[in-house]
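K.L.:
Make the full structure from the sequences, and use the hints.
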Amino acid sequence: MDAKAFNRISYGMYVVSSFRDGKLNGQIANTVFQVTAQPPLMAVSINCQNLTNEFIKSSKKFSISVLAEETPLTMIGTFGFKCGRQVDKFSGIKYQICSSGNPKILEDSLAHFDLEVVQSVELGTHTLFIGKVVEAEVLAEGRPMTYEYYHRIKGGKTQQNAPTYIAK
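Residue numbering for the sequence shown follows numbering that gives the first Met the number 0, starting at 0 and increasing by one per position.
Honestly, the hints are just simulated from the structure, not real lab data. Mixed in with the good hints, there may be bad ones.
Below, a list of computed lysine-lysine pairs in the DSS-like style, where the Cα atoms sit at most 27 angstroms apart [unchecked claim]: (1) Lys131 to Lys93; (2) Lys93 to Lys81; (3) Lys22 to Lys56; (4) Lys81 to Lys56.
Distance ranges between label pairs, derived from CB positions [to be verified]: (5) Val133 to Arg7: 20 to 28 angstroms; (6) Gln118 to Ser90: 16 to 24 angstroms; (7) Cys82 to Asp1: 31 to 39 angstroms; (8) Phe32 to Glu136: 30 to 38 angstroms; (9) Ala4 to Ser98: 39 to 47 angstroms; (10) Glu121 to His150: 25 to 33 angstroms; (11) Asp87 to Thr35: 30 to 38 angstroms; (12) Asp20 to Glu140: 16 to 24 angstroms.
All C-beta atoms in this analysis are idealised placements derived from N, C-alpha and C, irrespective of residue type, glycine included.
P.N.:
Below, the structure is given as structure tokens:
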């Protein structure tokens with residue numbers, strides 16, 4: 000099997016966030032997609048070892064921020080390569096709390112979705128969360144960052160907990 004074939008699948012760059020006990024956490028995700036239009040459902044794949052996974056399981060809620068191409072690597076580094084158990088990822092980030100309790104990232108975000116979990120599927124290393132969209136908002140105009148753009152133009156790396164990680 001040629002593992003590089005998986006790199007030809009189109010992905011985006013998102014921050015998926017949730018909350019528990021008054022604390023916020025979020026992470027970079029590239030596996031986010033719309034499942035149905037009626038009802039409006041979206042799905043995200045989150046590593047079982049990630050704190051965001053624990054927060055989503057606890058609150059039964061999550062949010063998705065669509066990142067712009069201009070998003071600095073420092074933001075991606077914070078949400079993608081640092082652990083929320085040691086770092087407050089939202090420190091210094093402009094955000095608002097939605098009525099659901101989820102954070103809405105306001106900077107470098109083109110759109111925001113607020114979701115309630117309707118189903119989750121355990122898939123070995125990852126959990127697939129399916130959520131009903133309860134709020135959706137365009138925050139800014141611009142081009143959404145694709146995973147290919149992140150790698151080719153920004154020189155980004157893949158974190159080991161990502162579903163697209165391929166060991167060298």
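K.L.:
Is the hinted range of 31 to 39 angstroms satisfied by the C-beta distance from Cys82 to Asp1?
P.N.:
32 angstroms, holds
K.L.:
With a cut-off of 27 angstroms on the C-alpha distance, tell me whether Lys93 and Lys81 pass.
P.N.:
This hinted pair holds, its Cα atoms lying about 18 angstroms apart.
K.L.:
For a C-alpha distance cap of 27 angstroms, please report whether Lys131 and Lys93 respect it.
P.N.:
25 angstroms, holds
K.L.:
Is it true that Asp20 and Glu140 lie within 16 to 24 angstroms of each other by Cβ?
P.N.:
Between Asp20 and Glu140, where Cβ atoms are some 36 angstroms apart, the hint is violated.
K.L.:
Straight-line Cα separation of Lys22 and Lys56 no greater than 27 angstroms?
P.N.:
14 angstroms, holds
K.L.:
Tell me if the beta carbons of Glu121 and His150 are separated by a distance inside 25 to 33 angstroms.
P.N.:
Hint holds: Cβ distance 29 angstroms, inside 25 to 33 angstroms.
K.L.:
Between Val133 and Arg7, does the C-beta distance stay in 20 to 28 angstroms?
P.N.:
34 angstroms, violated
K.L.:
Lying within 30 to 38 angstroms: is that true of the beta-carbon distance Phe32 to Glu136?
P.N.:
Given about 19 angstroms between the Cβ atoms, the range is violated.
K.L.:
Kindly confirm whether 30 to 38 angstroms is satisfied by the beta carbon distance between Asp87 and Thr35.
P.N.:
35 angstroms, holds
K.L.:
Does the Cβ-Cβ separation between Gln118 and Ser90 fall within 16 to 24 angstroms?
P.N.:
33 angstroms Cβ-Cβ, so the 16 to 24 angstroms window is violated.
K.L.:
With a cut-off of 27 angstroms on the C-alpha distance, tell me whether Lys81 and Lys56 pass.
P.N.:
Given pair Lys81, Lys56 holds - Cα atoms ~20 angstroms apart, limit 27 angstroms.
K.L.:
Quick check: does the Cβ-Cβ distance between Ala4 and Ser98 fall within 39 to 47 angstroms?
P.N.:
42 angstroms, holds
Going through the hint list in order, the structure does not satisfy hints 5, 6, 8, 12.
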